[in-house]
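Undergrad: The listed protein sequences derive, respectively, from chains C and L. If you read the first sequence in this note's numbering, its first letter stands for residue 1, the second for the next number, and so on. If you read the second sequence in this note's numbering, its first letter stands for residue 1, the second for the next number, and so on.
Don't take every hint at face value.
A pair holds if it fits inside one copy or across any two, identical chains being indistinguishable in the list.
Stated by the list, open to error - Below 20 Å or equal to it, Euclidean Cα-Cα: the simulated SDA-like pairs (lysine to any residue) are:
no.: 1; residue 1: K278; residue 2: R29
no.: 2; residue 1: K290; residue 2: I14
no.: 3; residue 1: K197; residue 2: P166
no.: 4; residue 1: K278; residue 2: P81
no.: 5; residue 1: K204; residue 2: K225
no.: 6; residue 1: K204; residue 2: A107
no.: 7; residue 1: K242; residue 2: E86
no.: 8; residue 1: K197; residue 2: E252
no.: 9; residue 1: K278; residue 2: K290
no.: 10; residue 1: K225; residue 2: R22
no.: 11; residue 1: K225; residue 2: E103
no.: 12; residue 1: K290; residue 2: P166
no.: 13; residue 1: K278; residue 2: G211
no.: 14; residue 1: K75; residue 2: E228
no.: 15; residue 1: K197; residue 2: L248
no.: 16; residue 1: K204; residue 2: R155
no.: 17; residue 1: K39; residue 2: E203
no.: 18; residue 1: K197; residue 2: V106
no.: 19; residue 1: K197; residue 2: H245
no.: 20; residue 1: K204; residue 2: H265
no.: 21; residue 1: K204; residue 2: A145
no.: 22; residue 1: K242; residue 2: E252
no.: 23; residue 1: K197; residue 2: P152
Hints listed in this document are in silico derivations from the structure and should not be mistaken for laboratory results. For clarity, every value in this text was computed on a predicted model and none was experimentally measured.
Protein chains: 2
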Amino acid sequence: MSNQPRLAFIGLGIMGQAMAMRLVEADYRLIVYNRTRAKASPLLARGARAAATPAAAAAEADVVFICVTNTPDVKQVCTGPGGIIESARAGLVVVDHSTISPEATVALAADFAARGSVFLDAPVSGGDVGAQNGTLSIMVGGDGAAFERVEPVLRQMGQTITYCGPSGHGQLTKLVNQILVSVTNLAVCEALVFARKYGLNLEKTLAAVAGGAAGSWQLANLGPKMIEGDFRPGFTISLQQKDLHLVLEAAERTHTSLAATSLVHQFFSAAQAAGHGKDGTQALYTVVDKLSSPQ
Amino acid sequence: MSNQPRLAFIGLGIMGQAMAMRLVEADYRLIVYNRTRAKASPLLARGARAAATPAAAAAEADVVFICVTNTPDVKQVCTGPGGIIESARAGLVVVDHSTISPEATVALAADFAARGSVFLDAPVSGGDVGAQNGTLSIMVGGDGAAFERVEPVLRQMGQTITYCGPSGHGQLTKLVNQILVSVTNLAVCEALVFARKYGLNLEKTLAAVAGGAAGSWQLANLGPKMIEGDFRPGFTISLQQKDLHLVLEAAERTHTSLAATSLVHQFFSAAQAAGHGKDGTQALYTVVDKLSSPQ
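Work out the full structure, taking the sequences as your base and the hints as a guide.
TA: Written out as structure tokens, the structure reads:
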């Protein structure tokens, strides 16, 4: 790999497109692939090239980044027809930014290792704003030497970049993140519903408690949105549910009993039933509120 | 009330003693009462005087502060034999820093109002360190004019001082604080047990997630203690249980369904059963860990 590796990016959704744009802006040579080809346009306008398949993109790249939604999507672009594995060779590094099953991750890493390539799991957190500003947290698992080689490229996209350990440990760390995010979200919902039922001034209540032992990112950022009934998505309930499904599946495999995480998962199901799937995770508030409402 | 009101302080436990000491150090004239008289010694050595009963202390004070443990204790020093109410008169302000029932608070405020006095609820958070450094959060409910008169004295003890509304709203805001603290604590426990079962490096995991949407005071402060198995108390499980009892009692009165808070209360009961009542609230970790352990 030269000092300026040739890059490929597979998956140009809201996150992937913003991340790929930062690579183009850093003057990396970039080839992109997306199922819906029109999404590549802004990148092509900045000098990126388009490939017809993931395999074609990987054939002309030293490092291939993936950012798609779920485990089956990653398997499809890796080992499906026209998948990256068809161009796998010694030295190729695949970096998967999707949040997917840790178990499937280990299997994919083995598939690529059999062809002399490396598959790193590197899920992110920080949302679309973090992707645009290059301030994502990136949690990386897999071959340590390959991590060191791609780290300079990751620095274009992320601020907190942690090497978590062997294959799958990046995904597991992301799942830890989702446990924290979800249960803390429920803490905020219960606190605000309790406060509202007693007629407390909610803004004053937030101000009184947010700076101390009760404080959290969720309280500071989602609390005011719950109070205002602003359910526009930063991160949607449907995506959070996908991640909590991965959490509970992984917990089941190790016989880990996660009562509160499981409860949040059920409450998010209720939110989805009420039509809040595409709302932000702060719409969890509506479920806790409805439980204690007259109708 | 002169610019330098005469003060009394009832209840010289760890919190009360540190708070009273800050008043003496600010050169307020102070008279103290404690059931166990020896606890007054450090304050008497700094110039405070001791009273034989709460009523005797209140007779020589413009503002009486209370810092005891629970609702019955506050009732005892207020309306029991030799209680403050025996010295109640126009202009007397009673400031209760204990965390007690909002309902009992409203009743006590009415008792004092009938004698021309004011009873403010002013529970605190911030622990013994906050009490020593004068950095407590103080959440005040009750008569607004009386609050303004005592606020300069409160500033000797607290940093974030919030007037929350009518009588009981200080206590209710404190209960909101305890919902947040407790459920966020459980979020940290489940995240770390999940991580440990998969053999993640726990310090790295914390570092990877603490700065983002998963971040909280509980994670930053209790997470490392859980990892180290350091269960020395900042705030004990027994005291947290007392407060969660108040939360769930208040929730029941308004038919507010708090599933996660209730779950934490049950898990803290399990911690108490295992002998962790006098440990810090981070010992909640042992319950979540034990649930998923072989023995």
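Undergrad: For every hint, state whether the structure bears it out.
TA: Hint-by-hint comparison with the structure:
no.: 1; hint: K278 to R29; in the structure: neither (35 Å within a copy, 61 Å between copies)
no.: 2; hint: K290 to I14; in the structure: neither (32 Å within a copy, 41 Å between copies)
no.: 3; hint: K197 to P166; in the structure: between (48 Å within a copy, 15 Å between copies)
no.: 4; hint: K278 to P81; in the structure: neither (31 Å within a copy, 61 Å between copies)
no.: 5; hint: K204 to K225; in the structure: within (15 Å within a copy, 31 Å between copies)
no.: 6; hint: K204 to A107; in the structure: neither (51 Å within a copy, 24 Å between copies)
no.: 7; hint: K242 to E86; in the structure: neither (29 Å within a copy, 63 Å between copies)
no.: 8; hint: K197 to E252; in the structure: between (36 Å within a copy, 11 Å between copies)
no.: 9; hint: K278 to K290; in the structure: within (18 Å within a copy, 37 Å between copies)
no.: 10; hint: K225 to R22; in the structure: neither (29 Å within a copy, 39 Å between copies)
no.: 11; hint: K225 to E103; in the structure: neither (36 Å within a copy, 30 Å between copies)
no.: 12; hint: K290 to P166; in the structure: neither (43 Å within a copy, 27 Å between copies)
no.: 13; hint: K278 to G211; in the structure: neither (31 Å within a copy, 26 Å between copies)
no.: 14; hint: K75 to E228; in the structure: neither (41 Å within a copy, 39 Å between copies)
no.: 15; hint: K197 to L248; in the structure: between (32 Å within a copy, 13 Å between copies)
no.: 16; hint: K204 to R155; in the structure: between (39 Å within a copy, 18 Å between copies)
no.: 17; hint: K39 to E203; in the structure: neither (41 Å within a copy, 39 Å between copies)
no.: 18; hint: K197 to V106; in the structure: between (48 Å within a copy, 17 Å between copies)
no.: 19; hint: K197 to H245; in the structure: between (32 Å within a copy, 18 Å between copies)
no.: 20; hint: K204 to H265; in the structure: neither (30 Å within a copy, 26 Å between copies)
no.: 21; hint: K204 to A145; in the structure: between (51 Å within a copy, 18 Å between copies)
no.: 22; hint: K242 to E252; in the structure: within (15 Å within a copy, 34 Å between copies)
no.: 23; hint: K197 to P152; in the structure: neither (51 Å within a copy, 32 Å between copies)
Hint compliance for this structure: hints 1, 2, 4, 6, 7, 10, 11, 12, 13, 14, 17, 20 and 23 are broken, all remaining hints hold.
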